[in-house]
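Undergrad: Residue numbering for the sequence shown follows my numbering, starting at 58 and increasing by one per position.
No lab work stands behind these hints: they were computed from the structure. Accuracy of the hints is not assured; some may be wrong.
[What the hints assert, rightly or not] Label pairs and their computed distance ranges (CB to CB):
| hint | residue 1 | residue 2 | range |
| --- | --- | --- | --- |
| 1 | 95 | 317 | 47 to 57 Å |
| 2 | 196 | 385 | 18 to 28 Å |
| 3 | 217 | 105 | 43 to 53 Å |
| 4 | 311 | 96 | 45 to 55 Å |
Every residue, glycine too, gets a C-beta built ideally from N, C-alpha and C.
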Amino acid sequence: MSFLTEDDVYDHVHGICFKTGPPGLTGIESEWLVTDPARPGEHVPLPRLTAAVRAASPLPSGSAVTYEPGGQLELSSPPLPGPAAARRALEADLRHLDPHLAAAGLRRTGYGLDPHRSPLRQLDLPRYTAMEAYFDARNAAGRAMMCCTASIQVCLDIGRDPGDARARWRLLHRLGPVLVAAFANSPLWRGRPTGRRSTRQALWAALDPSRSRTVPDGGPDPAAAWARYALDARVMAVRRTDGPWAVDPGLTFRDWLGGGRYGRPTADDLDYHLSTLFPPVRPRGWFELRMIDALPEPWWPVPLAVAAALTDDPRAADACAEAVEPLPPDAWEDAARTGPGGPGLARASRTCFAAARDALPRIGAADLVPLVDAYIERYVEPGRCPADDLLCEVPT
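Starting from the given sequences, assemble the full structure and let the hints guide the process.
TA: Here's what the structure looks like:
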């Protein structure tokens, strides 16, 4: 068995997490809260949902199907050349799946946070048992995050070379608060307003900061910054095959490298540790954007279109970088609280969406323009977000 050193961690991150190459592939991971319209306040037993999904298999475009701890349904498109192809693939699979869900008396709903149901973990796997215990020792945010939230995760290439990766990394971190604000869709919890447009983002921020805060800028070497982040993060669990896992053993991954009661970690332990880190932008051989609330039909492709256009089109990237540069460091918190209501975020959103809309034909995604235009008209120009629609439905 080969044990790791700090140098091995840096080598792994540079070679795997930040593996560069010609950009062009895009993916989308869509999470959905599933309800029974006849009993909207009750949890849908996971076996009932999985049976409906099995009846729909295989999905025509090959999206991967997984389930989150509370029974949320996730469909992940294959990596495809550009946002238009990724949208078409996922859309085809959702359209194929929906009749099977309906036949089972179920439907998928696009909220970032379940507005009515309390947390109930349905996946009884060691990973989620450990995660629940780890977060429960801190606050209630972890259980709510695991069981009651849903997101749209956009996946973009790292970049063609280290310099390109560095520019994309910085841009996505500066753009992140704009995406939180523009797509905020989780203002309700247990039927009442929370005072935030994106309560889901606030829940993530309330988790263990060593694994959910944004990664420091990293200057010329973002891969090194990610390696330091991973080394300094607390170990969620030491896995065991011969007994219970050691949850929250009280050490960072850097500490664990030094040996002691729990031995020393292997490459598999590093891979697992990296999978328990949840910053808004996570490098996995691609950049995974984790800050976007789930959205209802027809809007879920819009974050994919906007993020891909602003990252992959040089003119749009330049316009985006100029628009987001004035945002303050606490823009993440402001975005979760007010959505695009503040003047800085509203101004940046309008500029970024306009740049993305103009770039879509240049990146071969002209068929997404009408949907983005409709989103701009309904939400971006008036300084609104989908959370505002939900708040209008709450009795006063």
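Undergrad: Which hints, by number, does the structure contradict?
TA: The structure breaks none of the hints.
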